[in-house]
Structures are given as structure tokens and as C-alpha cells.
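Chemist: For chain W, the structure is supplied; the task is to place chain C on it using the hints.
Sequence lines, in order, name chains W and C. All residue numbers for the first sequence refer to our numbering, where the first residue is 1 and numbers rise by one. All residue numbers for the second sequence refer to our numbering, where the first residue is 1 and numbers rise by one.
Where hints are given, some of them may not hold.
[Claimed, not checked] Chain W regions said to be covered by chain C (calculated; three or more residues, Cβ under 8 Å):
hint	stretch
1	75-86
2	92-99
3	103-117
Worth flagging that the hints you see were computed from the coordinates, not collected in a lab. This structure is a prediction, so every number in the text was calculated from the model and none was measured. Every residue gets a Cβ at the ideal spot worked out from N, C-alpha and C, and that includes glycine.
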Amino acid sequence: MSEISLRELRHSYLETPQTDADWALKKMSVDWSEGGAYALLGPSGCGKTTLLNIISGLLTPTEGEVWFGDRNVTDIPPDQRNIAQVFQFPVVYDTMTVYENLCFPLRNRGIPAADVDRKVREIATMLDLDEMLPRRASGLTADGKQKISLGRGLVRSDVNVIMFDEPLTVIDPHLKWVLRSKLKELHQRIGTTMIYVTHDQTEALTFADQVVVMHEGTVVQIGTPVDLFERPRHTFVGHFIGSPGMNVLPCEIENGTPFFAGRPVPVGHSIAYRDGTERLEIGVRPEFISFAADGIPVEIVKVSDAGRYSIVDARHGAHVIKLLVPEGESLPADGAHIHFDPGHTQVYADGWMVN
Amino acid sequence: MATKTQNPKAWLFVLPVVALVAFNALIPLMTVVNYSVQETFGDNVFFWEGVKWFEQVLHSERFHASLLRQLMFTSIILTIEVPLGVAIALSMPKKGVGVSVCLVLMALPLLIPWNVVGAMWNIFALPDIGLLGRMINGLGIDYNFTQQPGAAWFTTVMMDVWHWTSLVVLLAYAGLRSIPDAYYQAAKIDGATPWAVFRFIQLPKMKRVLTIAILLRFMDSFMIYTEPFVLTGGGPGNTTTFLSIDLVKIALGQFDLGPAAAMSLIYFLIVLLLCWIFYTLMMRHEAQ
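Pulled out of the complex, with its shape left as it was, chain C reads as follows:
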């Protein structure tokens, strides 16, 4: 084994990045840690509370309920967006002007600011004036997302699917395009069925990009805030109050900085843990 070259000067070049990360991540994070172990009644006076807030959050039924809602939401949108995205990518044209048209159409939802997406769907789904709301009610189904939990969930999920399936489509399409023609030709000659082509050629070749797509969609949906906040505000009642909405309610609505800080840290650790588990499983599968 060759000996590594040691040059202490190298640390000098790392310094700017360290400083940057410290300012935009470490220092804010440490203030949160600071809040999470103290109690304050204003005037910058703090009292040491130890792990009290953490215990409180972990035993809080409200937190359990939001976490459960969050997990449900994330699982539902992943179950819809990933297969749907792959299906759309498979049916997109492979050459000609259709490619650019499809790609632009697919990219459009991704370019719209998140609060605008929320506002659009809010109006779109209103039972009295919205196109979607009127249509559903016109079909004889009683639909009002501001009052019915089921309708609120349906609308939130639809909105997320509309907004983010494109990301899966674009990644899956990129994966599909990287498959050389010879694979399809060989499969034809080997007498493979379309299902076998999907199962043994397309899916394995898309695995890497799909891993990334799932990871991104998992993280994003687990931290979703703006769109449901604008669409439903977490209601009706608490039925669409996901973790981040709940967190903001505690921190800014009730100004309980201690519990909110503790909850932030727990939230952060959950995301980190789930990503780590997910990534490790994917990589282990890859190594086999």
C-alpha cells in the first residue's frame, strides 16, 4: 500500500466550506439545541430544563398523531408517484419532437412555486367555484375539502401527485434512455415478453435513478409544509396537520419555543434515521 501524502496546508482550503456550513447549518442548529433544553418567559431569561421537553414531546399524543399522519401521507404519495412516474416514462416517445414536448410538459409543475401550487389547488378544488370541486359535485359525489377529512386528504394527495410525479418521470426517463438498443434487440431475439423486458432490462437499469427518486420524494414529502398549509391549513380540524405544520403551530402559534425546539430535533433525527436505513438497504441490495 502506498503511503498517503500528508499536507497540513490542505486544511486551509477546507476552511471556507467549514465556515459556510457553520453559519448556515451548525450555528442555527445549535440555537435550536439551546432552546430545546431551556424554558423562557421572554426578556431573554432562560431556565435550565434538561430533557423535559424531549420527554414531553415523545409522550405527546398530538405528536404521535402528526407523525402517524406524516407517515401515512408519505407512504401514500410514494405508492402512487413511483409506479405512475415509471409508467409515464415508459410511455413517453423515444425520439422526434414529441420528446421535447413531453419533457417541457413534465417539467412545468416542477417550476411552479410551492405556495402557488397550494393556492392553485385551493381554488381548483373549491366546491362552489373550483373546476374540480364543481365537477366532482356535479357527478353526484358530495365533496368539500374544507369540511370533509377524506376530501381534504384526497385533494392534498392529488396536489402532491400533480406537483411531483414529474420528478420521478424525468429521472426514470433518463434511466430508460441510457439503455443501449442492443438490449432491446437481444431481448426480441431471445423471445422475451414485454413484461420480461421491463422486469429484466428496464427495471434493473432504472434502479439507481429510482433509488434517488424515492429518496428525494421521501425526504421532500416528509418535510412538506407550504402546499398543504396553503391548501387546507392543516384542517379540517387537525386531519391534515403534518409534522411541519404542527411544529409551526407550536413554535409560532403558541410560542412554546422549548417543546418546538425539542420536536424539531426529534423530527430531524427521524428524517435522518429513515434516510440512513433506506440508503443502507438500497446499497446492500446493490452490492449483492
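For reference, chain W alone in the conformation it holds in the complex:
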């Protein structure tokens, strides 16, 4: 096991990339510490799988280097990088039994038969595959096949990193939960670095200690689930994580104080004067907005009941602001005002948070 670092990495699928949009991955340097549970989160097409395939060696990056510990592995093929990867759709070797499938990665590496058997049985027990071991893999359901794929990824004990590329897409919802908990449990037991690719925020936030959020080929933020929630570094993170996502409103800055709709919005820290060419916005999550006696006057447009709280759409001019009101709390009548929690209100310049 070792730390994985990506240095000045950049990748394009084109022969001669011209514009910024030709790069599937824009220049990035990311370090993955040893033993971490990471989630790689982002919408479809943001470069998650590309990044994963570069770490595993299935793709060679156009620029930059991949280091495993003190070893530069950029040009080393996947089988020599000592990694495991599980793909979105199940891959099983049809002609083999379940048992042989799980043995395959170990036997290919010349591991003694006794160790192979012990390891395979251990993993099979963990994934509830014991009874299926002698069966032919081709006859299994999608769930079963994906469990085999997971098993082949987990069966090697000495790997540098195990990577999961949206592995639970084909799995039934109730089983998804079970398998995700198993992975988490396994991570705590064996302590191998794990990278879990997903576009589902719940999956990412429950699995990972550190979430890496990607957007259009860029890593926009790496942080704990709490960081991502309370201090999104980019408006994209604000939108993408949380339900409903963060409110992003245009603002101006005068003397270090942001103004929205002509009213000052207090923030936790003072903001340095920014050049006027930038797009300036304030971001505040619906969780940190409340009705108040005075503040920004709004008109309530819509109220949706979400169980323990209601989501209220409030309008000020052309802007709709969402806020959460706990169950049982009454809504103000005409002439409502809202108030932003200064500790959780951020200013963004061209989408990036201003410190």
C-alpha cells in the first residue's frame, strides 16, 4: 500500500487537443492518502471514469505523472500496478464456476493454492456467495454477477488501491444498501485505499471519509461530507450536493460587504474588493435561511412538504430563494422577510468561493 499522487495531470482523448473543451481532464494535482475511503462524485461525463482509468493504468495520461508512493507508474500496465478495479456492469468469466472466477486474479499471480482457497472462501462468506461457489457463473442474476465482480476486486489482500466504478448501478435498491455497508465495513477491517466513483450523493456521502467532487474535467473540491455541505468551494458543489441545492444569487460588493438587491448581506468575514469584471454571487443553503422580522422582503410562491420539514419557494423580484422550515413551524402571513445565517453565507467570484 502507498499514497497515490497525480502530478500535473491532464488528459484528452483527441490526438491534438486545441481548445479547453478538448480536454477530458483539465490540469490537476491530487493526492490520495494511504488507507483513505474516497468517493469520486460528479455528474455523468465529468471525467470520473477517465480519472479512474488513469489511476488503474487502463489509460495513459496525455500529460503529467501518476505516482504510487515513491514509484512513478505512469507508463506501467495495470497488471503490474497491483490495483483492483470493479466496473459498472458485471464482468464474469462465463465458462468458470463462481469459485474459479474468484480464484482467477490470485491464480494468475501464482499464489499458492492453499492461500487462494482460504482467501476465496473468506470473501465468498463476506458477500454471501458460499452456496453459489460450485455453480457456473453464467447462470447467475445481475446481482450475483456483480457480487462476483466485487469479489474479484476484493480477493487480493496486498493491493495499493481498490477502485469501484459505479459498481451498484445494476443492483436492487435494498441490496445496494447492504453491499455499501459491507464495503465500508471491509474498508475499516483491511484499511486499503478505496476510491468509489458515483454520481449519487447519498452513496458518496455514506461511503467516504473524503469526497472528491468533479465538474467538467476539474476537481472542484476535496473534503469531508461536512465541508462540502457547510463550505462548498464552488457553486457547482453547492448545487450538486444537498437537496434542494444551495441558493446562488447575484451580488455586488461595497466596502467589503456584499449587497443583494440593494440590501447588505452580512457574512462571517469581510470580503476584499474584487475587480468588477468578475461574476459575483452569494451562496447560502436553504438550511441556513430563516424567516425573520426584517431582512429581505419576499413573497411565498410554493410550499412543498418533505416530511420533517417543508421546502418553501420565496420570491424576491426575479429571484426565487428556497428555504427549509421545520415541521410544525407556522409560515408568516403577508410581508414576510428572510434572513441569511452569516456564518454559512459565502461569496463566490466566477463560481469559486472567495475567502
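Modeler: Just chain C, lined up with the frame of chain W:
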């Protein structure tokens, strides 16, 4: 279990097909059956002979010899064409302009009329003027397919391999292309050798199309007529007289309609039986 809907009118829609099959298969087949149990000396006068022709054919050494030649020919071309076809399909490019070029090149032999193939190879292999014939003789090997049985067999087999390997290639290639990339990626990560990739991914995924390829090549080669007829005419002597060539010799050369009809039916039943055995074995293997 749900009850099936019964609608007698449905038979009406099947009728055209029944009529068509009757005209192009059943009626001709029944005339053959008719000939096979009678003797005729012309003038449409027939004498009942029962199973005499069948007994005669089954005990005929000539028939045994042609059948043996036929089985040998079919086994030889299958042993060459199937592995060769798979090997070519594996080495074909997976993307780019090379794909279309290869596919067109591969399809070309399949588009040539069979008698033309025979004629082409006849000229190509002639020892005095043919390119192949001259070349082989130029290497110091005495080669003359019109006189030497070995050379005649070699040329016939080469011709069939040239003509039909493409079919196996195209089917195998289609099978290979249907394998998702993830399989190859997973195999790389699992540390599989190229042989293991072939054995555990490519071959199993090609199994269905290869079954069809083998079945088609088996049937076609077992009934081969035109190409060897044009190339060697069954000679030298009888050495390349396969079943269908022999059949035509009996039916049209000697005008022995009774024995020829009996032989046709036996021939037909052999093809049917072998296909059935082959198919059953393949399907049983599939079910496991």
C-alpha cells in the same frame, strides 16, 4: 397455466407457406422417392422394385469410397478453416479505416460465383501456365493436379479454404466485436495472459457464432459440387469424386435413375442425421 387461445382461422395464414414448401420441397422430394423404389427403361414405364436400390447403394463399394472421400474432405476443411478464420478475426483491426478495408477484402471471395471459383483455380493451378502451378514447380516440387491425386486434393482443399474461410472470419469477427471493453479491462487488472483472455473471454463469447459457422461450413462442404466439378471433374480417376459428383455421374452420366434416387435419399438422411447430432451436442453443451 394460462389457456391458449384457439383460432382455427390461423391455419388460413399458414396456407401460403405450406403451398410454397410443397411446391419447392415436398413434391420434388416425393418424385425422388418415387424413382427410388422403381425401375424404368424409358417411355414412362415403371416396375416396382421395393428397397432393392437402397440395398444396392448401401452395399456398393463405390458409394462407400465417395462417402469416405466426402467425410475426409469435410473434416480437413473444417480443421483448417475454423482455426484459421478465428485467427484472422483476432488479428483484424478493431477500429479505423482498416476495419472496412478488411471486411471488404474478406467478403470478396464470398461474392464470386462458385463455378467461377472453380475455373479461376483451375487456371491458377495449371502446371504449365498457372501462377500457382508454375511457382510450385519452380520450387522443384513436381506438381500437376490433373494427374496426381495428392496435388488434386491439395488444390481442392486450398480452393475451398480460399473461398470459405472468410465466412468463418466474418462470423467470428462479429462475435468478437460484441464483447464489451470492460471484459478486456477486467482481464488486464486480473493479470490474465493473452491466452487466458482468448480461452476465458473471446472463445466463450464466440461460441454461438462459431457453432453456426461450423454448421454452415459442414453442410456446405458436405454437399460441395460445382467447384471441384469445374476444377478436377472428380479426377484424376475417382480421387476427388465426392458424393454429389458421384451422384450426378450415376443419375445423368449412366442414367440409372433408381439407384441415383436411392442414393440421394441416403445422402439427404446422412446430412440430416449429422446436422442433428452436431446441433444436439452443441446445445447440450450450451445448457450445462
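Chemist: Provide an ascending list of the numbers of those earlier hints which the structure does not satisfy.
Modeler: none
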